[in-house]
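Asker: Each chain is listed here by its residues.
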Amino acid sequence: MDNDQGLGRRRWQLAALLSAPMLWLGVAYLGALAVLLVSAFWTVNGFTGEVVREFSLQNFRTIVTEEVYRNVTLRSLGVAVAVTAICVVLALPMAFYMAKVASPRTRHWLVIAILTPLWASYLVKAYAWRVLLANDGPLDSLIGTPGYGLFAVVIVLSYLWLPYMILPIYAGLERLPDSLLEASADLGARGGRTFRGVVLPILVPSIFAGSIFTFSLSLGDYITVQIVGGKSQLIGNLVYANVGAANNLPFAAAIACVPVLIMVVYLTAVRRSGALEEL
Amino acid sequence: MTRWVLRSVMALGLFFIYAPLLLVLVNSFNGDRTFGWPPHDFTTQWWSAAWHNGGARDALWTSVKAGLGATAIALVLGTMVAFAVQRFQFFGRDTVSLLIVLPIALPGIVTGIALDSAWRSVIAPLGLGKGLFSVIVGHATFCVVTVYNNVLARLRRSGVSFEEASADLGASPAQTFRYITFPMIRSALLAGGLLAFALSFDEIIVTTFTAGPGIQTLPIWIFNNLFRPNQAPVVNVVAAVLIVLSVLPVWLAQRVAGPEAGASRT
Numbered sequence: 001m002d003n004d005q006g007l008g009r010r011r012w013q014l015a016a017l018l019s020a021p022m023l024w025l026g027v028a029y030l031g032a033l034a035v036l037l038v039s040a041f042w043t044v045n046g047f048t049g050e051v052v053r054e055f056s057l058q059n060f061r062t063i064v065t066e067e068v069y070r071n072v073t074l075r076s077l078g079v080a081v082a083v084t085a086i087c088v089v090l091a092l093p094m095a096f097y098m099a100k101v102a103s104p105r106t107r108h109w110l111v112i113a114i115l116t117p118l119w120a121s122y123l124v125k126a127y128a129w130r131v132l133l134a135n136d137g138p139l140d141s142l143i144g145t146p147g148y149g150l151f152a153v154v155i156v157l158s159y160l161w162l163p164y165m166i167l168p169i170y171a172g173l174e175r176l177p178d179s180l181l182e183a184s185a186d187l188g189a190r191g192g193r194t195f196r197g198v199v200l201p202i203l204v205p206s207i208f209a210g211s212i213f214t215f216s217l218s219l220g221d222y223i224t225v226q227i228v229g230g231k232s233q234l235i236g237n238l239v240y241a242n243v244g245a246a247n248n249l250p251f252a253a254a255i256a257c258v259p260v261l262i263m264v265v266y267l268t269a270v271r272r273s274g275a276l277e278e279l
Numbered sequence: 001m002t003r004w005v006l007r008s009v010m011a012l013g014l015f016f017i018y019a020p021l022l023l024v025l026v027n028s029f030n031g032d033r034t035f036g037w038p039p040h041d042f043t044t045q046w047w048s049a050a051w052h053n054g055g056a057r058d059a060l061w062t063s064v065k066a067g068l069g070a071t072a073i074a075l076v077l078g079t080m081v082a083f084a085v086q087r088f089q090f091f092g093r094d095t096v097s098l099l100i101v102l103p104i105a106l107p108g109i110v111t112g113i114a115l116d117s118a119w120r121s122v123i124a125p126l127g128l129g130k131g132l133f134s135v136i137v138g139h140a141t142f143c144v145v146t147v148y149n150n151v152l153a154r155l156r157r158s159g160v161s162f163e164e165a166s167a168d169l170g171a172s173p174a175q176t177f178r179y180i181t182f183p184m185i186r187s188a189l190l191a192g193g194l195l196a197f198a199l200s201f202d203e204i205i206v207t208t209f210t211a212g213p214g215i216q217t218l219p220i221w222i223f224n225n226l227f228r229p230n231q232a233p234v235v236n237v238v239a240a241v242l243i244v245l246s247v248l249p250v251w252l253a254q255r256v257a258g259p260e261a262g263a264s265r266t
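Sequences listed follow chains A and B, in order.
Per the working numbering, the first sequence starts with residue 1, numbered consecutively.
Per the working numbering, the second sequence starts with residue 1, numbered consecutively.
Rather than coming from a laboratory, the hints here were simulated on the basis of the structure.
Every value quoted in this text rests on a predicted model; they were computed, and no experiment measured them.
Careful, some of the hints might be misleading.
[Said to hold, decoys possible] Taking CB as the label site, the calculated pair distances span:
1) T2/B to R271/A: 31 to 37 Å
2) P39/B to G149/A: 23 to 29 Å
3) R33/B to R175/A: 17 to 23 Å
4) L169/B to R175/A: 38 to 44 Å
5) F177/B to L57/A: 49 to 55 Å
6) L98/B to A189/A: 38 to 44 Å
7) T44/B to A185/A: 55 to 61 Å
8) G191/A to F91/B: 48 to 54 Å
9) V160/B to A183/A: 40 to 46 Å
10) E66/A to Q254/B: 32 to 38 Å
11) G78/A to A49/B: 38 to 44 Å
12) P38/B to D186/A: 35 to 41 Å
[What the hints assert, rightly or not] Output of the computed footprint for chain A on chain B, the stretches with three or more beta carbons under 8 Å from beta carbons of chain A:
13) 4-14
14) 53-64
15) 97-109
16) 114-125
17) 152-161
18) 239-247
Where is the CB? At the ideal position from N, CA and C, for every residue including glycine.
Just need the whole structure built from these sequences, with the hints factored in.
Answerer: Below, the structure is given as structure tokens:
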């Protein structure tokens with residue numbers, strides 16, 4: 001057996017397969033991210049507008065000490081938490097109905113009904129809500145509209161990310177054997193108690209998996225905020241404003257570190273529950 | 001009782017999901033320029049106005065080109081990595097998977113400004129400014145993951161025995177790939193490619209930062225015209241078209257690979 005030769009050839013094959021993708025993602029993309037991270041420690045000369053490539057913690061000091069940035073961070077976190085909570089509350093009964101109550105035929109169509117809007121454009125959905133929430137719009141003529149603002153942002157983001165919460169919970173419920181529910185009922189537990197004692201603990205990883213989507217997508221968003229947010233601003237808007245209008249890339253990079261940091265902390269926190277395997 | 005409550009929540013949830021989309025469809029026939037509600041007149045003039053709108057047409061064409069370019073790159077790169085990770089043992093395999101997911105796991109604006117500043121400081125000095133090509137590069141970066149996931153799952157399930165049998169029977173590696181491996185992963189490539197195209201077609205944030213001057217994809221066009229009241233009817237028709245079109249990939253995925261195929265966008 002020409003084992004050495006075979007091994008050598010396989011090594012070449014591996015190198016051939018990996019070189020192009022790794023050049024692209026490992027060198028170009030990671031490199032770009034690294035430079036961005038480093039530039040967060042640079043500053044911009046206030047007079048010339050040129051980037052000063054010297055190490056400084058100035059940007060981060062500004063973000064931590066100035067109240068505006070603290071407020072925006074807290075507001076973004078609050079929006080992300082609210083959106084996640086709304087999605088969980090809506091997704092749990094819907095996913096439960098799909099997985100455990102509906103007939104197999106209905107279930108098939110319900111899954112399609114939940115999946116189809118995922119293919120509809122993000123922008124189109126945000127736009128639909130802009131029309132829905134407009135003064136003299138449909139909602140206004142029925143019950144009155146809350147108008148554009150933070151509340152509208154929470155509703156629209158919940159709307160956008162709801163399927164991302166339903167699907168992992170549905171998948172988790174599908175794996176949950178019916179016999180467990182029956183056993184709980186036989187032992188005298190009512191619906192609510194079975195749900196709290198049996199279903200919910202098993203679903204924790206799925207809920208966390210869904211929350212990774214709802215949380216990170218909400219934290220990074222700035223488009224929806226521009227469309228239905230009125231004057232309110234989230235972290236993404238500050239990053240955008242600093243890249244564009246203010247032309248201060250180092251500061252934008254420093255702000256962009258905030259959601260990334262929050263996500264890293266969040267991912268490490270939910271990792272133990274096994275949520276990452278549910279993605 | 002519980003059953004009845006669950007059923008109503010399901011119905012309400014579906015109403016919550018579909019009502020805004022239906023509203024866009026209805027409004028595209030609303031005779032009132034500002035979408036006064038309820039609609040009083042029925043008109044098809046917005047549809048013909050949208051059909052003749054040059055900006056929207058150009059943007060659609062740009063989006064299709066960007067989507068096809070990004071999908072092609074993603075198909076090649078994603079398949080290569082999937083084969084490397086599934087068929088070889090090597091140091092840092094987990095890191096490779098993580099690297100593939102990173103572009104969609106990070107907020108789009110981070111990927112966007114990273115690629116933008118890299119392009120401006122490394123590639124632009126070489127004489128290649130931002131244009132359609134930089135959009136394709138940006139999109140391909142986060143599209144690789146869809147192809148990778150689909151092909152990887154397929155390779156995991158199908159194993160190597162058919163390929164070994166083919167080699168034992170004297171087929172050359174090229175023949176084995178042509179007659180065994182490729183047919184085996186074909187539907188996975190289709191599903192991954194479809195997802196990649198959809199991701200690219202819908203993307204706005206990375207596009208904002210990687211598009212050269214004068215390059216407008218459809219989402220960018222919609223966004224730029226969203227706040228102009230006199231463009232509202234045309235924007236609405238474009239939105240209605242996109243909603244109708246979104247049924248297409250679901251239908252296609254159903255036809256090709258059964259109900260699970262469209263189950264994940266990532």
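Asker: Take the hints in turn and mark each one as holding or not.
Answerer: Outcome of the hint check:
| no. | hint | in the structure |
| --- | --- | --- |
| 1 | T2/B to R271/A: 31 to 37 Å | 34 Å, holds |
| 2 | P39/B to G149/A: 23 to 29 Å | 26 Å, holds |
| 3 | R33/B to R175/A: 17 to 23 Å | 52 Å, violated |
| 4 | L169/B to R175/A: 38 to 44 Å | 40 Å, holds |
| 5 | F177/B to L57/A: 49 to 55 Å | 54 Å, holds |
| 6 | L98/B to A189/A: 38 to 44 Å | 42 Å, holds |
| 7 | T44/B to A185/A: 55 to 61 Å | 56 Å, holds |
| 8 | G191/A to F91/B: 48 to 54 Å | 51 Å, holds |
| 9 | V160/B to A183/A: 40 to 46 Å | 42 Å, holds |
| 10 | E66/A to Q254/B: 32 to 38 Å | 52 Å, violated |
| 11 | G78/A to A49/B: 38 to 44 Å | 42 Å, holds |
| 12 | P38/B to D186/A: 35 to 41 Å | 53 Å, violated |
| 13 | 4-14 | holds (count 7) |
| 14 | 53-64 | violated (count 0) |
| 15 | 97-109 | holds (count 9) |
| 16 | 114-125 | holds (count 6) |
| 17 | 152-161 | violated (count 0) |
| 18 | 239-247 | holds (count 5) |
Comparing the model with each numbered hint stated earlier shows that hints 3, 10, 12, 14, 17 do not hold.
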